[in-house]
Structures are given as C-alpha cells and as structure tokens.
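Top to bottom, those sequences are chains A, B and C. Mapping of the first sequence onto this note's numbering: residues 1 to 301, in sequence order. Mapping of the second sequence onto this note's numbering: residues 1 to 675, in sequence order. Mapping of the third sequence onto this note's numbering: residues 1 to 301, in sequence order.
Hints were generated in silico from the structure; no laboratory data involved. Hints should not be assumed to be uniformly reliable.
Unchecked claim - Not the full set, but computed from the structure, chain B residues with beta-carbon under 7 Å of chain C: (1) LEU52; (2) GLY83; (3) ARG84; (4) GLU92; (5) SER95; (6) ALA96; (7) LEU97; (8) PRO99; (9) SER110; (10) TYR145; (11) HIS147.
In this text, all values refer to a predicted model and were calculated from it rather than measured experimentally. For each residue, glycine too, the CB sits at the ideal point set by N, CA and C.
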Amino acid sequence: MSILPVRLDAITGAEPVSDGEITGEPSVWHRWRHSPSAVVGSVISAAVIVVAIVSVVWTPYNPLAINMAATFAGPSAQHLLGTDQYGRDVLSRLMSGTDATLYAGVVSVLGAAAIGIPAGLYAAQRGGLPGQLVLRLADLVYAFPALLVAVVLATDFGGSTLTVMGAVALAFVPVFARVTRSGALGVLSLDYVSAARACGVSRTRILRRHVLPNIAPLLITQMTLLLSVAVLADAALTYLGLGAPPPGASWGLMLEEAQRYMGTDPLLVVWPAVTIALCVLGFNLLGDGLRDVFDPRRRDR
Amino acid sequence: MSLLDVEDLVISSAGARLVDGIDLSVGAGERVGLIGESGSGKSLTALGVMQLLPRGLSSTGSIRFEDRDLARISERARSSLRGRRVAMVFQEPMSALNPLMRVGKQIAESLTIHKTVSRAEAKEEAARLLARVEIHDPRAVLRAYPHELSGGQRQRVVLAMAIANHPVLLLADEPTTALDVTVQDRVLRLLDGLVRAEQMALLLISHDLAVVSGICERVMVMYCGRVVERAAVDDVLAHPRHPYTAGLVATSASLGGVSSAPVRRLQPLPTIPGTAPGAAAASRIAGCPFRARCGRATPKCLEEPRLEMIVAGHDVACWHPLPAFAVPFRALETSGGAGRTDVALEPGRPEPAVLAQAATPGYEHASPEWSRPGGHAAQPVSSCDDGATRILECENLVKLYRPELARQGGEPPAGLIRALDGVDLVVLEGDVLGIVGESGSGKSTLARILLGLDRPTSGEVRFRAARIDGSPERALRAMRREVQVVFQDPLGSLDPRMRVRDIIAEPLHALGVEGDHRQRVAELLEAVRLSRDTGRRYPHQLSGGQRQRVAIARALAPRPKVLVADEAVSALDVSVRAQILNLFAELIGRFALTVVFISHDIGVVRHLCNRVVVLYRGKVVEEGPTEEVLSRPKSPYTQGLLAAIPQLGKQVGDDRAPTAEAAPASDRTPAGGLG
Amino acid sequence: MTLAAASVIVFVVLAILPGKPAEVILGTQATPSAVRALTDKLGLDKPIWRQYVDWVGGIVSGHLGTSYISGQPIASELGSALEVTGPLVGLGLLVGLVVAVPLGVFSAVRSRRASGVAASVLNQIGIAVPSFVLGILLIVVVGVELHLLPTGGFTGWSDPTGALRSLVLPAVALGVVEGAIVGRYVRTAVLDVLSSDYLRTARAKGLTPGRALVRHGLRNVAVPVLTVLGLELAGLVVGAVIIENVFTLPGMGTLLLQSVENRDLIVVEDIVLLVAAVVLVVNFAVDILYHSLDPRIARER
Ligand code: SF4
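Please construct the entire structure, taking both the sequences and the accompanying hints into account.
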C-alpha cells in the first residue's frame with residue numbers, strides 16, 4: 001500500500017469530461033447500471049456509510065466495555081465476531097471504528113479539496129509566474145507523503161485523530177490542485193470558453209459557470225478515490241501509533257493489538273483486515289465506476 | 001472473378017448494425033471510390049475488409065480476396081496477406097505512425113515482416129521507397145521521428161509503407177482529408193501515379209465526391225451503412241439516380257470552388273434537408289434509411305429498397321429512382337440562379353431536368369430554408385475603401401508564439417513562431433470579407449485578435465476607430481456587443497452542461513442586454529430555424545448542424561453588427577454545410593450583418609464573400625473583390641491554391657501541373673495548429 | 001532548489017512547534033537547571049537560523065549530527081538502518097514488477113473475456129488490502145501456522161541467507177500491493193495502445209496481433225507506466241517504514257518511529273528530509289528518463 005495518494009491517470013488526464021457526440025446517447029443512469037464497478041462500489045460504499053451512521057446510535061455492545069470473563073471468545077450468537085483480549089465485542093469495535101475512519105477520511109478529503117481546488121483554479125486561470133508558483137508549491141508539498149507529515153505532526157503534538165486528519169489532508173492538497181488545474185486548463189482551451197469571453201462573460205463567471213460544472217465529475221471521482229486512500233492512510237497511521245491512542249476503537253489500533261495476540265487468536269487479525277479491504281475496495285470501485293459513468297470514452301476500452 | 005469480392009458484409013456493435021449487409025467488388029487494377037458522409041460506415045467497411053475492426057465490433061459476411069475468404073482463414077494467414085497483397089492507408093497520418101519509432105525502422109519493418117532481407121538492404125529499400133513517394137531528402141527522413149515531419153510527409157511515409165511489397169490492392173481511407181488543399185493535391189497525384197504505375201487496384205474512401213471523381217473509375221455511395229448507388233463515376237455525376245446521391249452531387253457542384261460559371265453570390269444552394277440519423281439509430285429504421293429526408297418518399301418506402309440494377313452498370317437502392325436525365329450537375333452549374341433547386345424531386349413529376357422550388361422542409365426547419373429566393377442578395381459590393389465606414393481594421397499586426405509542442409504534438413519548434421507577420425486589414429460596414437488560408441497561415445490567430453481574445457505582439461486593432469488591442473476587458477464591452485463569433489467545432493463551442501436556451505441567453509446576461517430574454521431566445525431559435533423545444537435540450541442531444549445553428553443564435557443574441565465566423569462550416573458534412581451556408585446568407589441579408597468569414601475552403605468563401613484576403617504564413621499575399629481574385633489570381637500562391645482544389649469530374653493532375661508547381665510548393669507548413 | 005525549501009520547512013516546523021526535547025529526554029522530574037544544561041549541550045539555545053545553518057552545513061559536509069538520545073552519530077545509525085531498508089525496497093520493487101506487468105497486460109489483452117475480468121477483480125482486491133495488513137496476514141499464515149519463514153527480526157548481513165529469508169515476507173507484502181496499483185496503470189496503458197491507430201497500422205503491415213503489441217506496444221506502454229513507477233517507488237519507501245514495524249526489522253522506519261517517541265528531533269529531521277529527498281530525486285530521475293524515452297518531448301528541454 002502506498003500512502004502516497006496518487007492516481008496519476010486522473011492527474012495527467014487533461015481532457016475535460018464531456019458527453020459523447022452521438023445524439024440520444026444513453027443517460028448517466030443507464031451507464032451507471034451498466035458499469036459493474038459503479039454498481040458494486042456504490043453498494044459497498046452505501047453499506048459502509050450505513051454502518052457508520054448506525055454505530056453512532058447503536059452497537060451490539062459498548063465497544064469499550066471490558067469483560068475479562070470472556071476474552072478471546074470465538075464467533076458465537078452473543079458475539080458474532082467474538083471478543084478480543086479484554087473481552088470486548090469485536091463487531092461493536094469494528095462498527096464504531098467505521099464511524100471514526102469515515103469521519104476522519106471525509107474531513108481530510110473535504111479539507112484538502114477546500115484548499116486544493118481554489119489553488120488549482122487559480123493556477124489554471126493565471127498561468128505565468130503566480131500560476132507557476134502555486135504549482136511549485138504543490139510539488140513541494142507533494143514530496144512529503146502523508147506518513148512523513150504525520151510523523152512530524154506527531155513529534156510535535158503526539159498522535160491523535162487530528163494528527164492523522166491534518167497529515168492526510170495536507171498530502172491531498174497538491175493532488176486536488178493538480179487535478180483541478182489540468183482539468184480547468186482543458187476546459188479553458190475550449191471554444192465555448194472563447195465564445196463566452198467574446199460575449200463579455202467575466203473571468204470569475206467563466207470559472208463558476210463553465211469550468212467548475214464541467215470539471216465537477218472529475219473532482220467528485222477524485223474525492224471518492226482519495227477517500228479510499230484516506231481510509232488506508234488512517235489505518236496505517238493508527239497502526240503505527242501516530243493516530244488516535246488506545247483504548248479507542250479504530251481499525252489500525254485493532255490490528256496492532258491483534259497482531260500481538262495472533263498466536264492465540266488469529267481471527268482477531270482477520271476481521272479488521274477484511275473490513276479495511278472491503279471499505280477501500282468499495283470506494284475504489286465507486287471511484288472507477290464514476291469515472292466510467294462520467295466519461296464514456298474511457299469505458300470498456 | 002474480381003480481385004476482391006465482398007458479399008453481405010455486416011458490421012455490428014452491441015446489436016446495432018453499423019454496416020448493414022453491403023456487397024462490394026474491386027477488379028484487378030480497378031479504382032473504386034466509396035463515398036459517404038460521417039457515420040455512413042464507409043471507413044468501417046474498409047476495416048472490415050482488412051479484418052482490423054476496432055475492439056467491440058464484429059463482422060459477418062464473406063470477403064473473398066484472391067480466392068480466399070479473409071473472414072474464414074486464420075489470423076496468421078491474414079497477417080501474411082496484409083501488407084503484402086493488400087495494404088491500407090489511414091486518415092490520420094500522425095496517429096497512424098508509432099510516435100516512438102524512427103520512420104526508417106517503421107518502413108523497413110514492412111519489408112522484413114514478409115521476406116528475409118538484411119538490415120542494410122531493408123534500409124536501402126526504405127530510402128528508395130521514400131524517393132518513390134517523392135520525399136526530397138529520404139536519408140534525413142529515415143532518421144526522423146514522425147512528429148518531426150509535416151502532415152504531408154507523414155502521409156507519404158504511410159504510403160511508402162503500404163506500397164513496400166507491391167500489393168495488388170490498396171485501401172485508402174480518407175488519405176488526404178487531414179491535409180491542406182495544396183498538399184492534398186500533391187498527395188492525390190502521387191497516389192494516382194503510384195496506383196497506375198504499380199497497376200494496383202484501389203479502394204478509395206472519401207467524403208469528397210471531387211476527390212473520388214478525380215481518381216476512380218467506379219463509385220459506390222453509402223448512406224447509413226448501406227450502399228445506395230453504384231455506377232461508373234461519370235454516370236453518377238451526370239445522372240445520379242438515388243435522391244441522396246443527386247443531392248450530394250448538386251451540393252458538391254455548387255460549392256466546388258473554381259468553376260467557369262458566373263458566381264451567384266448568396267443565392268440559395270441546393271441542399272438535402274435534415275441530417276443523417278446516427279449509424280446506430282439508422283439500424284433501427286425500418287424501410288429506406290433516407291426516407292425522412294427524401295422528397296420522393298411514398299408509403300412504399302417503408303419497405304427497404306434493395307440495390308438493383310436499373311441500367312447496365314448502374315445499381316440503385318431506391319423505389320423511385322430519378323430519371324436518367326434529371327439534374328446533371330453541369331446543368332446545375334450553368335443554369336440560372338432561380339433554377340437552383342432542392343434535388344428531392346417529387347416522384348409524380350420526374351420530367352424536368354431542373355425544377356423550380358421543390359423545397360422540402362427538414363424536420364428541424366420551421367419553413368424551407370430559402371423560402372425567399374433572391375430576397376437577401378442585396379449587398380453593397382464595395383471593394384474600395386471610400387464611401388463605407390471602416391468598422392474593424394488592423395494595421396501591421398504581428399503575433400509571435402512560443403511553440404507548445406507537447407500539446408500540439410505538431411511541428412518542431414524553431415524559436416518563436418510568427419503566426420502573423422505584419423497583417424493589414426480593413427473591414428467595411430456591410431462587407432462579407434473572406435479570409436482564406438491553409439493551416440499555419442495564421443487565420444485563426446487573426447480571428448482571435450480581431451475578437452479581442454488574444455493580444456497581438458505588435459500592431460494595432462481598431463474597432464470603429466478606437467483601439468482595442470491591449471484594452472482591459474471592461475473597455476471592450478461596447479465592442480463585444482457589436483462583434484460576435486461563431487467557431488468551427490459546433491460541439492466544442494457549446495458548454496455541454498448548459499441547456500440550449502441558457503447558452504443562447506448567456507451573452508444577454510453577460511452584456512446586460514435589456515428586455516425579455518426568454519422572448520429573445522425564442523426569436524433567435526426561430527431565426528436559425530430551430531424548433532422551440534430545442535431550447536430545453538443539451539448540446540449532445542443535437543446534430544452537428546443543429547449545434548452550429550445554436551452557436552449562430554448565440555452570436556446573434558446581442559444584435560451584433562459584425563460576425564466573425566472561424567471555419568464555421570468546415571466541420572460539417574457536405575449536405576449540412578449547404579444548409580448552414582444558406583442560413584448565413586439569409587441572416588446576412590436579414591440583419592444587415594458585416595461578416596468576417598475565415599475558411600480554408602475557397603468554394604465556401606466564393607459563395608458568401610464579396611471581398612477576399614488570402615493569407616499565407618502570416619502574411620497577406622493577395623486581396624481584392626472575390627471574383628477578381630478567384631478568376632484572375634495574381635500571386636503564385638493563390639494560383640497554386642486554386643489549381644489544387646479537386647474538381648468534380650476532373651482527373652487528378654489534369655492540365656494543371658504547371659500552376660501547381662508555381663505555388664510555393666512545400667509540404668512543410670510553418671507551424672502546427674496555428675491555422 | 002525544492003530540496004532546500006523542503007529542508008527549511010522540515011526544520012522550522014519541527015523546531016518551532018511545542019515540546020522541548022531536553023524536557024522529554026530528561027523526563028518529567030528533571031530540574032530546570034539540568035534541562036538548561038542539556039539544552040546548551042545540544043546547541044538548542046542558539047537562534048533557530050543558527051541551528052538550521054549548523055544542521056544543513058552538517059548534512060552538506062556529510063555529518064548528520066548526533067542523536068540527542070543515544071549520543072551516537074546519526075550517520076552510522078542511519079547507515080545500518082539503510083542496510084535493511086534499501087534491500088527491502090529493492091526486493092519490493094522487484095516483486096511489484098513481477099506482479100504488475102503480467103497482471104496488467106493480461107487483464108488488458110483479455111479485457112473482454114472472463115479471465116481478463118477475473119484478473120481485474122483480483123487486481124482491485126490487491127489494491128484494497130493495505131501492505132501492512134497483508135504483512136500481518138502473511139505472518140499469521142506463513143509464519144505462525146506453517147512455520148516456513150521468519151516473521152520478524154533481522155540477523156544482519158553476516159548471514160546472507162538468513163537476512164534474505166527474513167526479508168522475503170516483508171518484500172512480498174510490500175511488493176504485491178504496489179504491484180497491484182501499478183498493474184492498473186499497466187492495464188490502462190496497454191488498453192490505450194491496443195486501440196491506437198499505429199497498432200492498427202502495424203497490423204495492416206502484416207504483423208500478427210501478438211507481435212504488433214510487442215514491437216510497437218511495449219515502449220509506448222513503458223512511457224506512462226514509468227511515470228507511475230517513479231511515484232510508486234516513493235510509495236514503496238513510505239510503505240517500507242510501516243512494513244518494518246510489522247516485521248520488527250531494524251530499518252529506517254523503526255528508527256524513525258522510535259525517534260518520534262523519544263522526541264529525538266535531529267534524527268526525525270534527518271530521516272524526513274532523506275525520504276523527501278528520495279521522493280524528489282526519484283521524480284526528477286523519472287522525468288529525465290521520460291524525456292529520453294519519448295522523442296516528442298525530448299526537444300522541449
Ligand atoms: S424514394 Fe423512397 S426509396 Fe427512394 S430514397 Fe426516397 S425514401 Fe428511399
């Protein structure tokens with residue numbers, strides 16, 4: 001796994017998303033239904049989101065409740081996925097971990113988008129020295145993978161969810177900046193932008209009315225893909241002890257603890273591992289599917 | 001027994017029949033043309049013959065070539081025929097060559113695949129082949145990468161690879177469409193010469209009737225994946241029997257550029273109403289695919305007509321073919337203006353060669369396009385400066401570009417490119433000024449500068465005597481209201497995420513035009529002959545012609561005085577092009593527009609413009625009244641340009657070798673992507 | 001240039017932010033005078049710019065400074081750590097390529113058949129499993145259950161077979177996942193080539209599909225894949241940090257995380273800068289290679 005959040009195809013794919021040429025082409029809905037990635041991805045993603053929401057109000061057990069009488073219990077009717085070394089219910093911990101992971105992921109992706117997208121638009125619109133400066137800055141930040149940022153932040157502040165979110169968000173900013181810039185440059189070079197300028201439409205209005213709506217699918221796809229990277233990064237960083245400290249329930253932490261007892265109960269490793277993989281797979285497929293749906297030219301090649 | 005015999009070729013993709021059961025035969029040494037507009041399935045047919053269809057397409061039917069069925073034999077056996085017995089030339093010479101391999105190696109490969117030759121021999125032979133396709137410095141080209149060559153050179157290289165093993169059949173898919181007229185002329189003559197010298201059979205695929213008629217003996221016309229007419233070239237040109245072919249012939253003839261006939265500027269052109277349904281949609285149409293656009297259609301046409309011989313050597317797929325003597329193109333060319341006619345003749349009255357007014361409204365028209373014949377031709381044909389007001393002018397314009405190689409994938413840079421090199425231009429009120437030039441002439445750069453979208457490196461641009469170059473956007477607002485633009489690519493110039501009505505209303509908002517915008521949009525839709533409910537649609541739901549109408553409506557929205565049209569009809573199919581030109585002609589008269597019409601197509605310029613400026617490598621080489629410039633060109637470049645235009649029914653290379661050579665002959669255009 | 005900027009950022013962020021190293025080193029019970037004495041000794045009383053100049057000057061002349069904690073020269077500590085991390089990354093890259101190229105090519109060439117789709121699905125799952133999770137699973141299966149290979153620790157290179165044996169599992173964990181990511185790009189690149197006009201030309205010349213792909217496709221596939229590979233190499237370095245923790249290998253990652261825990265600022269600074277430098281250098285090298293592979297952009301520079 002790489003914490004380096006790169007989807008290079010999205011970065012270098014400067015072509016703006018546009019609809020196909022053929023009159024009466026299938027609708028977005030139609031393409032969605034015919035993209036296996038999109039269907040499977042959205043089902044998994046939806047399930048993950050539902051679990052996260054449910055876990056806020058209800059989990060089978062208190063994820064933090066220790067029961068030394070029932071440690072390392074195997075899967076049973078009471079504890080569907082068994083219990084851990086303190087007798088805590090694994091399913092409950094996984095569920096509440098979903099909530100934490102998703103929250104951290106969404107916040108960091110949105111945070112990065114909030115900085116990266118305007119920066120990318122600026123770089124595309126301005127060109128010249130200011131634009132180059134933004135680009136160089138993005139490159140610089142790009143040289144620091146999320147892990148390094150997290151390390152630096154943890155050195156200063158100690159590990160916490162905030163550390164993870166900050167590190168991941170910072171690492172994502174240049175990705176957004178680049179994707180936005182290349183997408184915007186593509187749109188800006190099109191005749192309809194020239195036509196709009198010839199009609200006296202102002203630059204900001206062109207960005208708002210023409211550029212943003214046309215790169216929105218690109219950005220939404222990117223956000224979905226980055227969400228999966230964020231989930232990965234979150235798990236890795238908490239595993240390393242740079243994220244939320246024990247006894248909170250997070251997937252990375254569960255893995256770290258489970259690894260210590262894998263001689264006793266190997267299943268404890270499997271549950272969080274499968275959960276992480278499923279969640280990442282879901283968002284990844286959804287992202288790929290969205291790209292298929294939004295950009296039919298890429299479809300099926 | 002012909003060399004190539006295709007029977008019942010069907011090419012389908014996900015259930016849609018893109019090529020719907022066509023028969024085709026090419027005899028040894030025979031030159032056959034395949035004509036059709038975009039989406040007619042003509043290129044797929046060629047790929048089907050080669051069995052090189054894109055992934056996802058499949059074909060059925062038999063393809064007998066030299067006693068073997070290409071569809072039945074193994075891929076290995078096919079491979080050994082390809083390039084050796086049957087070769088192919090593709091449309092896009094840039095993408096057809098491997099960008100990462102030197103040209104010499106690619107040509108040598110054509111040889112080494114099929115026979116054992118040493119490297120040195122292969123290289124020698126490659127150099128000979130390059131000389132054969134008239135490349136001046138074969139040694140240098142051998143070492144070059146494709147991107148270092150000009151378009152014409154690349155196409156010659158592709159041709160060299162194709163003829164490397166002396167194939168008996170050559171398939172050429174739009175081999176000159178991506179090239180400039182003068183380059184096209186030279187490549188066509190080369191192709192013609194090679195085919196004759198090698199006694200190859202040729203299947204030439206083109207959208208351009210004139211190109212095909214210059215080289216081929218027989219021609220097949222395709223429409224919606226079907227062959228609708230098949231006959232000798234002269235037959236088809238003189239007596240087209242299928243209504244679609246007749247329309248094509250008439251339109252091509254009237255836009256054919258140089259002709260001896262007097263020009264009737266702005267007169268309505270013959271058109272075929274409507275647009276061709278997409279290939280996929282066509283396969284769902286029952287009966288004759290041309291029915292929706294056909295003036296001769298009867299209930300009988302709900303049944304699909306088969307391709308049948310009506311006279312010896314002339315096959316037509318139509319229930320009501322035109323009589324043999326109807327609408328020969330030469331008659332059209334020489335008959336009076338009022339005699340111009342829509343060719344969709346009615347079945348009941350087949351007699352007269354030239355019918356007056358048989359207009360058939362297409363489905364996108366509120367009324368026939370040119371319902372007021374001659375009513376809008378009154379234009380001040382001013383060729384001198386005095387009298388009329390100068391509305392837009394520029395002086396000594398220079399524009400330097402830094403070559404953006406990676407994006408253009410084009411020519412090698414040599415420092416800065418001079419896109420414009422001291423251009424002076426005056427547009428008078430009421431002018432319809434044509435700016436003619438090939439790629440690299442700087443004509444599009446000029447358009448952008450005139451529109452205030454780009455700044456010149458030096459020189460002045462004045463609108464109504466006020467300088468506009470370098471003015472801030474705010475200062476340009478007054479000009480923006482009066483000067484509007486129509487671009488080439490009708491899809492690219494419309495925002496795909498906006499509805500048509502919002503697109504048309506955009507300049508109204510942006511320029512703060514007062515009044516009822518909805519009302520105005522409705523008016524504009526009517527003016528460009530689009531139905532009201534088009535307003536609710538998105539650009540991708542429209543045909544190319546409809547999109548261009550939307551672009552024109554948007555340009556007209558703020559009631560401009562001046563319209564700049566940059567290759568506004570170049571991306572359209574011939575039959576649609578005529579419709580849009582008629583619309584232009586009508587609007588010019590109706591709104592008293594001053595127009596700057598930029599085009600590489602002299603026929604179009606000749607039809608619309610009263611004055612013409614010829615641009616070559618950023619310089620004005622000739623200017624004057626259209627008729628004068630086009631009939632008595634003074635500069636050698638203009639002479640060469642005019643001579644290079646393919647003519648209907650005129651053999652390639654006929655009687656014009658001297659003039660063409662007089663042109664500053666070079667395939668090498670100064671820079672890619674500037675034109 | 002970028003590297004210099006990176007060094008300033010690393011240093012300033014680490015030095016300015018809260019947490020006095022001397023206090024951490026001496027523990028909470030330390031007397032203020034002891035803290036001050038240590039601060040003096042470590043040179044932490046000097047102005048920040050002076051500390052920075054010392055540090056950079058040291059790096060340039062090859063002295064990485066001395067660890068606050070162990071008092072050892074950092075260069076030697078890093079050196080022995082690199083003996084582990086270097087081979088690990090190299091092996092990981094090898095495994096990655098062995099996975100990526102066949103997987104990507106196969107799933108592209110067979111993209112319309114069930115076997116190709118299956119390869120794609122496998123690929124997606126590979127991306128979704130984080131390398132450290134795969135590492136833990138490998139430990140459980142291969143180490144704990146099957147007792148085939150060592151699951152942790154490192155014996156040093158004096159015993160080459162032993163050293164290699166202990167690197168096998170980490171390298172697989174690292175490489176398989178990176179390989180899956182790169183495999184997607186290989187697939188896209190191959191699909192692009194398969195639908196290209198020049199491949200059609202090659203076949204029109206008489207090359208069989210397989211030979212056409214080999215002769216005209218490979219280099220054209222290599223160009224985009226190479227760019228990704230460079231970025232993924234950076235990902236491997238980062239991944240190695242985590243994997244070392246999973247397998248308790250005494251590499252750079254372990255050193256880094258220990259130093260974070262101990263607030264050994266200088267070590268953290270050096271390692272972070274080193275990784276950032278590796279990322280930048282790799283990107284630069286890829287850029288150069290890219291230009292030499294593609295004659296179209298070779299002239300641009
Ligand atoms: S007359 Fe009938 S069959 Fe002939 S082209 Fe027209 S619609 Fe088709």
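Quick rundown of the hints versus the structure:
1. Here the hint on LEU52 of chain B is kept, as its CB sits about 6 Å from the closest CB of chain C, short of 7 Å.
2. A hinted interface residue such as GLY83 of chain B counts as satisfied when its beta carbon comes closer than 7 Å to some beta carbon of chain C; here the least separation is about 3 Å, so the hint holds.
3. Taking 7 Å as the C-beta contact cut-off toward chain C, the hint placing ARG84 of chain B at the interface holds, the least distance being around 6 Å.
4. Look at GLU92 of chain B: its Cβ gets to within about 6 Å of chain C, closer than 7 Å, so that hint holds up.
5. The interface hint given for SER95 of chain B holds, since its Cβ lies 4 Å from the closest Cβ of chain C, which is under the 7 Å cut-off.
6. A hinted interface residue such as ALA96 of chain B counts as satisfied when its beta carbon comes closer than 7 Å to some beta carbon of chain C; here the least separation is about 5 Å, so the hint holds.
7. Below 7 Å, beta-carbon pairs count as interface contacts, and LEU97 of chain B has one with chain C at about 6 Å; its hint therefore holds.
8. With a least beta-carbon distance of about 6 Å to chain C, the hint placing PRO99 of chain B at the interface is held under the 7 Å criterion.
9. Because the beta carbon of SER110 of chain B sits about 5 Å from the nearest beta carbon in chain C, less than 7 Å, this interface hint is met.
10. Annotation: interface hint on TYR145 of chain B holds; nearest CB of chain C at approximately 4 Å, less than 7 Å.
11. A cut of 7 Å between beta carbons decides the hint on HIS147 of chain B: the least distance to chain C is about 5 Å, and the hint holds.
Checked against the numbered hints above, the structure breaks none of them.
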